[in-house]
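*Asks:* With these hints in hand, go ahead and build the complete structure from the sequences.
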Amino acid sequence: MGKLPSSFIEEVLSRTDIVEVIGERLRLTKSGKEYRALCPFHQEDTPSFYVSPEKQVYHCFGCGASGNVITFLMEYEKLTFSEAVKELARRAGLDIPEESGERFSVLYEINQFACDFYHRYLLSDQGKRAREYLKERGVEDRIIEEFKLGYAPPEGTTFLKKAKERFRLQDVERAGLAIRRERGYVDRFRRRIMFPIFSTSGKVIAFGGRILGEGEPKYLNSPDTPIYRKGSNFYSLYHSKNALREKRTCILVEGYFDYLSLYQGGIKNVLASLGTAFTDSQASILSRNVEKVYLFYDADQAGRRASLRGIELLVSSGLEIKIGIMENGKDPDELMRKEGKEGIERVMEQAVDFVDFVVEELRRKYDLSRMKHKELAIREVKELLSRIKHPVRRKLYQEAFAGRLAVVSSVFDEKEKPHKKPLTVPSFSPQDLEIELISLLLQFPHFLSSLDFLSPDDLELPIAREVMRRMHAGDIPSFVSVMEELEPSQRKTYTRAAFSNHEHENEDEIRDYTVKLGAKLKRLSLERQLLRIRREIEEKERRGEPVDLLLRQQQEILSERKKIANLGR
88 MGKLPSSFIE EVLSRTDIVE VIGERLRLTK SGKEYRALCP FHQEDTPSFY VSPEKQVYHC
148 FGCGASGNVI TFLMEYEKLT FSEAVKELAR RAGLDIPEES GERFSVLYEI NQFACDFYHR
208 YLLSDQGKRA REYLKERGVE DRIIEEFKLG YAPPEGTTFL KKAKERFRLQ DVERAGLAIR
268 RERGYVDRFR RRIMFPIFST SGKVIAFGGR ILGEGEPKYL NSPDTPIYRK GSNFYSLYHS
328 KNALREKRTC ILVEGYFDYL SLYQGGIKNV LASLGTAFTD SQASILSRNV EKVYLFYDAD
388 QAGRRASLRG IELLVSSGLE IKIGIMENGK DPDELMRKEG KEGIERVMEQ AVDFVDFVVE
448 ELRRKYDLSR MKHKELAIRE VKELLSRIKH PVRRKLYQEA FAGRLAVVSS VFDEKEKPHK
508 KPLTVPSFSP QDLEIELISL LLQFPHFLSS LDFLSPDDLE LPIAREVMRR MHAGDIPSFV
568 SVMEELEPSQ RKTYTRAAFS NHEHENEDEI RDYTVKLGAK LKRLSLERQL LRIRREIEEK
628 ERRGEPVDLL LRQQQEILSE RKKIANLGR
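Number 341 in the numbering used here belongs to position 254 of the sequence shown; there are no gaps in the numbering.
Hints were generated in silico from the structure; no laboratory data involved. Virtual Cβ for every residue (Gly too), placed ideally from N, Cα, C. Fair warning: there could be bad hints in the mix.
Here are the simulated PhoX-like cross-link-like pairs (lysine-lysine), alpha carbons at most 25 Å apart as the crow flies [to be verified]:
no., residue 1, residue 2
1, 251, 235
2, 290, 355
3, 452, 469
4, 165, 428
5, 482, 379
6, 452, 165
7, 251, 328
8, 334, 173
9, 334, 379
10, 355, 222
11, 305, 334
12, 165, 334
13, 235, 355
14, 290, 317
15, 459, 328
16, 235, 173
17, 222, 425
18, 290, 235
19, 235, 379
20, 334, 355
21, 248, 222
22, 627, 650
23, 251, 290
24, 469, 417
Distance ranges between label pairs, derived from CB positions [as the list claims (entries may be wrong)]:
no., residue 1, residue 2, range
25, 615, 462, 55 to 65 Å
26, 463, 615, 39 to 49 Å
27, 225, 168, 20 to 30 Å
*Replies:* Here it is, written out as C-alpha cells:
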C-alpha cells in the first residue's frame, strides 16, 4: 500500500457527501439537522448512530464509533485507508495519482523476508528436528506450506546476518524481529517453531514462536509494532474469514496448535486469540463476522477464568455464546487428534450457554444459600447484564438468570434514567475537556465571545491552543481538518461533542455548557500556575532569595481563582 498525497485526499473529501455514502449502506432517517440509523458496529434496537451533513462526520452514542467518511468505509467494508480513499475517488470520478512508497512498507517487507527465511530453514537439513516435532504434533506438510510455518535458528544472529544484507537493523528492530543489546543486535526468535501471523489481507505482520525442547518462555510473540497490535488480531483470521462468514459461527481456541489441528481436520471456522487477554477489539471483529461463538477452553481454573473474561466482552458485542469445556485436561488439539472431528462436534453439542456457565461459576464462588452471598452474586449478574446493549436479548438473559438463581426478574432492573439529562461537565481528563471545547467552538464560533476569561495559553494540548489562537485571529479551521490532527482515541470525544445538540436543541443550553467547560479549564490552568509558583517560592526561600514578586503573582492568581470559582457552575 502506498501513501496518497494529502492534497488528493482533501480533494476526495471535498467531493464526497458522507450522508450519501452511508445512506447507500444504512437506512438513514432525518433527525433535526442530522441523520440517524441503527449502528452497524454493535447490536441495538433504538438508533444511536448519528451522521452530520454539516460537519461530515458520524458518531455512535452506543459504542463510541466515530470518524469521517474514510474511517466509516474502513470499518464497514474492512478496507485499508488507501483502499477506502481509492473507492471514494472512483465514486467521485477522480483519477488516482501514482502512489509513492509509504513508511510502513519496509516493515511488511521485513516480515515477509523473515517468513521466507524461517520457512526455508525449517525445510533445510538444519530444520530436521523441528520437522520431526511438527510431525509428532500431527501437523501435515500441506499445513506447513499453507501457513508458512518455519523454524528460527538456535544461534543468536543467524537471521540478522541475512536480514542486514537488505534492511537497516533499526528497521528490523522496529518490525519486532531484533533486540538491541550492549554489543549490538541479536535475533528476537531463536530455536523456535515459527507461526507467521497474517493481516486480513494476507500480509505477514508478526510471529509467534514455540520453543523447541526445554526453555522459557514456552511461547514468545512479536511485540506490538506500527503494523501489529496483539489485541486487535487473531491467528489466523485471514485463512478462516470465509468459513466464519459462511457459517456465522466461530470456535475460539487458545493456542496455535489448537487452531491448526482443527483447521487441518476440516473445521475452518476457528480462530485463536494469540495468547493474550481477550480484548474489546477482538470482540468487535467477531461480532462483524459471526453470530455465535463457541469458547473452547481447558477445564482447569485458569481456563474457566479465561472463559469468563471472554464472555464479558462477547456478551456486550451481542453475540450468542456457548462454552465447550475440555474435560480430563485435554485441549482442542489433543481432542481433535484422538477423536477427530466427531470429538469436537460432541463438545459443541454438549456446550452450555453462557447463563448456565456464569451461574455455575457463581455457585463455585459463593454459598447461594446465604443472603449476603446471593446479593453479591446478583450484583455480578446485574453488572454483566448492563453490558448487553440489545434490549430484547438483555431481557431474555435477565429472565434466564432469574430462573437459575430462583429470584424475581425485577431484582436485575436498573433504575430508570431520565430521558433528557441536563448538560453537565463530565469528569474527563483535562485533555479530553479541551478537545470537547474546541469541537464545540468550531460548531458555534460565536460562543468564543462568552469565553473572554479563557486564553489559548490556559490550554495544554498544542492542537487546542492552535485552534483557539486561529479563532481569535478570525481564521476558523474546518471541523474535519482538525479531526485529522487528533489521535484516534481523541476523535471519539471530538465527534461526540459534534452531536451535543442531538438531545439539547436549545442553543442557550449548549452555550451555558460551553461556558462551564471553559470555566473548568480556566480553574485547572490557575491550579497549575499556583503549583508552579509555590514550588518557585519554596526553592527561592531555600536559597535565601527574595520572593516578593512571586508572592504578588500568587495573590493575583488566588484573586482570579476566586472570581472564576462560581463562573458557569
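*Asks:* The structure should be examined with respect to each hint, and the outcome stated for every one.
*Replies:* Status of the hints after comparison with the structure:
1. 251 <-> 235: It holds: about 22 Å lies between the C-alpha atoms, which stays within 25 Å.
2. 290 <-> 355: Holds: residue 290 and residue 355 sit about 19 Å apart, inside 25 Å.
3. 452 <-> 469: holds (16 Å)
4. 165 <-> 428: violated (31 Å)
5. 482 <-> 379: OK: residue 482 and residue 379 at ~18 Å, within 25 Å.
6. 452 <-> 165: violated (41 Å)
7. 251 <-> 328: Judged against 25 Å, a Cα distance of about 35 Å means the pair is violated.
8. 334 <-> 173: Violated: residue 334 and residue 173 sit about 31 Å apart, past 25 Å.
9. 334 <-> 379: holds (9 Å)
10. 355 <-> 222: Judged against 25 Å, a Cα distance of about 20 Å means the pair holds.
11. 305 <-> 334: Status violated; Cα separation ~33 Å.
12. 165 <-> 334: holds (19 Å)
13. 235 <-> 355: holds (17 Å)
14. 290 <-> 317: holds (15 Å)
15. 459 <-> 328: Not OK: residue 459 and residue 328 at ~46 Å, beyond 25 Å, violated.
16. 235 <-> 173: violated (31 Å)
17. 222 <-> 425: Status holds; Cα separation ~15 Å.
18. 290 <-> 235: Roughly 12 Å separates the two Cα atoms, so the pair holds.
19. 235 <-> 379: Outside the cut-off at roughly 29 Å; violated.
20. 334 <-> 355: Given that 25 Å is the threshold and the Cα spacing comes to 10 Å, the pair holds.
21. 248 <-> 222: violated (29 Å)
22. 627 <-> 650: Violated. Residue 627 to residue 650 sits at ~28 Å, over the 25 Å cutoff.
23. 251 <-> 290: holds (21 Å)
24. 469 <-> 417: violated (33 Å)
25. 615 <-> 462: 55 to 65 Å: The hint (55 to 65 Å, Cβ to Cβ) is violated, given that residue 615 and residue 462 are roughly 44 Å apart.
26. 463 <-> 615: 39 to 49 Å: Holds, since residue 463 and residue 615 (Cβ atoms, about 42 Å apart) stay within the stated range.
27. 225 <-> 168: 20 to 30 Å: This hint is violated: roughly 40 Å between Cβ atoms.
Hints 4, 6, 7, 8, 11, 15, 16, 19, 21, 22, 24, 25, 27 from the list above are not met by this structure, while the remaining hints are.
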